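Chemist: So you can see what is in the structure, the chains are spelled out below.
Protein chains: 2
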Amino acid sequence: MAASASSLLAAAASSSCAAISPRLPRGAPAAASVPSPSRHTCPSLRASPARRHQSRFVASVAPTMQPSAESRVSTVVDVDLGDRSYPIYIGAGLLDEPDLLQRHVHGKRVLVVTNTTVAPLYLEKVTWALTHNNPNVSVESVILPDGEQYKDMDTLMKVFDKAIESRLDRRCTFVALGGGVIGDMCGFAAAAFLRGVNFIQIPTTLMAQVDSSVGGKTGINHPLGKNLIGAFYQPQCVLIDTDTLNTLPDRELASGIAEVVKYGLIRDAPFFEWQEKNMSALLAREPSALAYAIKRSCENKAEVVAQDEKESGLRATLNLGHTFGHAIETGTGYGAWLHGEAIAAGTVMAADMSHRLGWIDESIRKRVVDILEQAKLPITPPETMTVEKFKSIMAVDKKVADGLLRLILLKGPLGSCVFTGEYDRKALDETLHAFCNN
Amino acid sequence: MAASASSLLAAAASSSCAAISPRLPRGAPAAASVPSPSRHTCPSLRASPARRHQSRFVASVAPTMQPSAESRVSTVVDVDLGDRSYPIYIGAGLLDEPDLLQRHVHGKRVLVVTNTTVAPLYLEKVTWALTHNNPNVSVESVILPDGEQYKDMDTLMKVFDKAIESRLDRRCTFVALGGGVIGDMCGFAAAAFLRGVNFIQIPTTLMAQVDSSVGGKTGINHPLGKNLIGAFYQPQCVLIDTDTLNTLPDRELASGIAEVVKYGLIRDAPFFEWQEKNMSALLAREPSALAYAIKRSCENKAEVVAQDEKESGLRATLNLGHTFGHAIETGTGYGAWLHGEAIAAGTVMAADMSHRLGWIDESIRKRVVDILEQAKLPITPPETMTVEKFKSIMAVDKKVADGLLRLILLKGPLGSCVFTGEYDRKALDETLHAFCNN
Ligand SMILES: NC(=O)c1ccc[n+]([C@@H]2O[C@H](COP(=O)([O-])OP(=O)(O)OC[C@H]3O[C@@H](n4cnc5c(N)ncnc54)[C@H](O)[C@@H]3O)[C@@H](O)[C@H]2O)c1
Ligand SMILES: NC(=O)c1ccc[n+]([C@@H]2O[C@H](COP(=O)([O-])OP(=O)(O)OC[C@H]3O[C@@H](n4cnc5c(N)ncnc54)[C@H](O)[C@@H]3O)[C@@H](O)[C@H]2O)c1
Ligand SMILES: [Zn+2]
Ligand SMILES: [Zn+2]
Numbered sequence: 001m002a003a004s005a006s007s008l009l010a011a012a013a014s015s016s017c018a019a020i021s022p023r024l025p026r027g028a029p030a031a032a033s034v035p036s037p038s039r040h041t042c043p044s045l046r047a048s049p050a051r052r053h054q055s056r057f058v059a060s061v062a063p064t065m066q067p068s069a070e071s072r073v074s075t076v077v078d079v080d081l082g083d084r085s086y087p088i089y090i091g092a093g094l095l096d097e098p099d100l101l102q103r104h105v106h107g108k109r110v111l112v113v114t115n116t117t118v119a120p121l122y123l124e125k126v127t128w129a130l131t132h133n134n135p136n137v138s139v140e141s142v143i144l145p146d147g148e149q150y151k152d153m154d155t156l157m158k159v160f161d162k163a164i165e166s167r168l169d170r171r172c173t174f175v176a177l178g179g180g181v182i183g184d185m186c187g188f189a190a191a192a193f194l195r196g197v198n199f200i201q202i203p204t205t206l207m208a209q210v211d212s213s214v215g216g217k218t219g220i221n222h223p224l225g226k227n228l229i230g231a232f233y234q235p236q237c238v239l240i241d242t243d244t245l246n247t248l249p250d251r252e253l254a255s256g257i258a259e260v261v262k263y264g265l266i267r268d269a270p271f272f273e274w275q276e277k278n279m280s281a282l283l284a285r286e287p288s289a290l291a292y293a294i295k296r297s298c299e300n301k302a303e304v305v306a307q308d309e310k311e312s313g314l315r316a317t318l319n320l321g322h323t324f325g326h327a328i329e330t331g332t333g334y335g336a337w338l339h340g341e342a343i344a345a346g347t348v349m350a351a352d353m354s355h356r357l358g359w360i361d362e363s364i365r366k367r368v369v370d371i372l373e374q375a376k377l378p379i380t381p382p383e384t385m386t387v388e389k390f391k392s393i394m395a396v397d398k399k400v401a402d403g404l405l406r407l408i409l410l411k412g413p414l415g416s417c418v419f420t421g422e423y424d425r426k427a428l429d430e431t432l433h434a435f436c437n438n
Numbered sequence: 001m002a003a004s005a006s007s008l009l010a011a012a013a014s015s016s017c018a019a020i021s022p023r024l025p026r027g028a029p030a031a032a033s034v035p036s037p038s039r040h041t042c043p044s045l046r047a048s049p050a051r052r053h054q055s056r057f058v059a060s061v062a063p064t065m066q067p068s069a070e071s072r073v074s075t076v077v078d079v080d081l082g083d084r085s086y087p088i089y090i091g092a093g094l095l096d097e098p099d100l101l102q103r104h105v106h107g108k109r110v111l112v113v114t115n116t117t118v119a120p121l122y123l124e125k126v127t128w129a130l131t132h133n134n135p136n137v138s139v140e141s142v143i144l145p146d147g148e149q150y151k152d153m154d155t156l157m158k159v160f161d162k163a164i165e166s167r168l169d170r171r172c173t174f175v176a177l178g179g180g181v182i183g184d185m186c187g188f189a190a191a192a193f194l195r196g197v198n199f200i201q202i203p204t205t206l207m208a209q210v211d212s213s214v215g216g217k218t219g220i221n222h223p224l225g226k227n228l229i230g231a232f233y234q235p236q237c238v239l240i241d242t243d244t245l246n247t248l249p250d251r252e253l254a255s256g257i258a259e260v261v262k263y264g265l266i267r268d269a270p271f272f273e274w275q276e277k278n279m280s281a282l283l284a285r286e287p288s289a290l291a292y293a294i295k296r297s298c299e300n301k302a303e304v305v306a307q308d309e310k311e312s313g314l315r316a317t318l319n320l321g322h323t324f325g326h327a328i329e330t331g332t333g334y335g336a337w338l339h340g341e342a343i344a345a346g347t348v349m350a351a352d353m354s355h356r357l358g359w360i361d362e363s364i365r366k367r368v369v370d371i372l373e374q375a376k377l378p379i380t381p382p383e384t385m386t387v388e389k390f391k392s393i394m395a396v397d398k399k400v401a402d403g404l405l406r407l408i409l410l411k412g413p414l415g416s417c418v419f420t421g422e423y424d425r426k427a428l429d430e431t432l433h434a435f436c437n438n
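Top to bottom, those sequences are chains A and B. UniProt numbering puts the first sequence at residues 1 to 438. UniProt numbering puts the second sequence at residues 1 to 438.
Treat the hints loosely; a few may be bogus.
Same chains, same names: a pair is fine if it fits in one copy or spans any two.
[Claimed, not checked] In silico DMTMM-like links for lysine to aspartate or glutamate, alpha-carbon gap of 25 Å or less:
id, residue 1, residue 2
1, Lys162, Glu309
2, Lys162, Glu388
3, Lys162, Glu148
4, Lys158, Glu148
Since the hints were derived computationally from the structure, they do not count as laboratory data. It should be emphasised that the depicted structure is a prediction, and the values quoted were computed from it without experimental measurement.
Work out the full structure: start from the sequences and follow the hints.
Modeler: Here is the structure:
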């Protein structure tokens, strides 16, 4: 009985996913065009943000009028989740707009959760934005060590320690300032502190801006597997200041692009085609290209999450390449490979397996490899990942149900995928052997 | 602005609470009567459960028919929470009814979370109930150290370790077998494991049967305060086998009675009056008296939780005596005082303060002291609790909002209370000084 229920489940999930793509993207530009510049003036992404930052700090000591009354928000993407709906603000210089942030703070006390790399870059600026013309609010911060290897229970406890020592109460707000690691940990801390407090995401990596800050998945790793402990917990808003990408290392930028490519592959062929034509603009950090990629990624993610918040089916498709990828992250030790790097290799493996199953054309498989190579992302797992290592780690993947490993695989024309446990085990085996030593 | 919002909030909460009591209890017996025996035949609570347990185990090795086809469930109380609604089954011998439990298991894998005291008493029996005539299901268990002092992150991690090492997946079920400590920890583990798995409560203390297993509050302690980390997470069902109380020490029984008294005081005067007349029957563990007290307590709690699941106001009234009580538990070191013992002293303090404020008659204050004394519960905090210790611990209570400590206080006729931050600070001070050394 349990067995038939589980295959029913897999079948249901599979059919609902197959039905979702390709979709007509909202306001996507024609495949070949570079998107028209958004209405705000983007400062050069290469320019140092230090000067503006500095001047704002003076302003916070002796409060003055906002220099610009005009909002810099170029785009708002809404995540539609009933009474848990929230806006994603996307634009250059949004951290220079205190109103935007302050609007979503509850209570008088804020805890900013950040890390040793991001704090020196943006903590003062965020503190300014939270407190400017707002004497009622006081800001505490906790600065965690930087790295995926610290996305664990011990580090999470430091957030609780700080919150409790500071005597924060239920009417406080946690702010995640950093990449996906900080966002995932701060979000889980906000979910669990006093059984849930208000929470704002300020993602500062491309990865976090296009993916992890949106949709409410929060959590930490266990030594035996990625993100195994956590909560679904939605933020009050997501504030994406694209200027923060100025300071991001190239390797981290590429890591985020792996998730951008994912959206095209699972549900948005025109977006994928746009990426094929604009990858060099993205790597060169052209502001309008980055802004468009972030906006379109958030729209795709918001649409999926609005339909399936708790991942009963459709949402799992956002994990294309992630079962293989998580195994790489776990198997190589957290932090050795960046999340997006592992996902890139995992996506190539998923495309390879889909092709072996006869579910996609060779041309699609090749375009997957090409675009990820162009983004300077790895397209094979590291040598240390043996077939056995993959198998044993994948057995604890969150997408296993009643012992059956379900995978997101490409199927049909570009932009279509399925989430299913109904595939020939041989294809999985062949893919593992094609990419790994024994 | 924040200040006025907070006092508005306190006022709203206060008025909604004042409005709720006294209520007409559903099917309460006349104050003086002993409740009529429920329709199943209760085996003597003093009889050892070992023989039946034993015979069932033989049955599990060589499966036979159920000896009794007639259900032993004497009462079902429904917790009405929309799509998170669930039943509370109450009756003697319910663990001898595999169907009841199996109906609420999801998937093929079960993890029973219990402790070193309860495992030797009931783990085999529960394993039998889960697997009898049900070869598809396999049961793992994790046996935690016993005690409030282990309701912490390190012990919680043992549950995750076991779940992950056993390769449990999303379609598994966690079963809490034990008192409130096990229930709170197992519930939080179920909420966070893979961001949420199915969960069943089998409470085995009176405290857990009348209070902690119902309503979905889960969590762990922090060295600086009780239950500060957790989640609202509802079980699939609560299965109360009143036979498990046979093995409970007297001191633990009395601890549970503190919460039974609470329901009477905050919202159910006829129930309080029934308790005044039946306290010796409860202490003598008369089956029908215990069954009635458990049923009426669950009904009261279910009604409150259905109206205010996430504690925006009304639900806070269930914490009568708990702000003082939690301070005692934290201040004396977890485990030194039982939860109900601390709550008993805290309830007397709350009644004292209510009386100083002129909100209740002296006769009510005295009845509170008398009934708790009759239950052999402490009516004053331990000597080590100074005024300063109380104040500093109460400052991190979950009911502080924007710096204002809100309390549940008795107000009006028997069975009426308020949850409010609007009280004369002098009364709080006087109560602390009346009960504590400086
Ligand atoms: N919750 C979700 O839905 C979701 C989705 C995707 C990924 N994730 C998680 O996100 C994590 C990966 O996120 P990530 O790639 O952002 O990694 P990360 O958080 O480790 O950030 C990458 C590096 O960039 C640094 N950094 C951040 N912002 C910077 C800036 N503006 N300038 C310079 N340096 C900066 C960080 O300190 C870090 O060293 C993984 O743990 C992954 O599991 C979660
Ligand atoms: N979640 C809630 O809404 C809620 C409500 C009230 C209390 N609580 C929590 O519950 C905890 C207190 O619960 P408790 O009083 O059950 O304490 P407990 O869980 O520590 O159990 C008390 C003792 O009885 C033992 N025991 C349990 N069942 C037994 C049985 N049938 N026979 C013999 N011994 C048995 C236990 O091993 C323990 O030693 C506290 O942590 C408190 O914060 C939570
Ligand atoms: Zn990812
Ligand atoms: Zn209690």
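Chemist: So which of the earlier hints does this model not fit?
Modeler: 1
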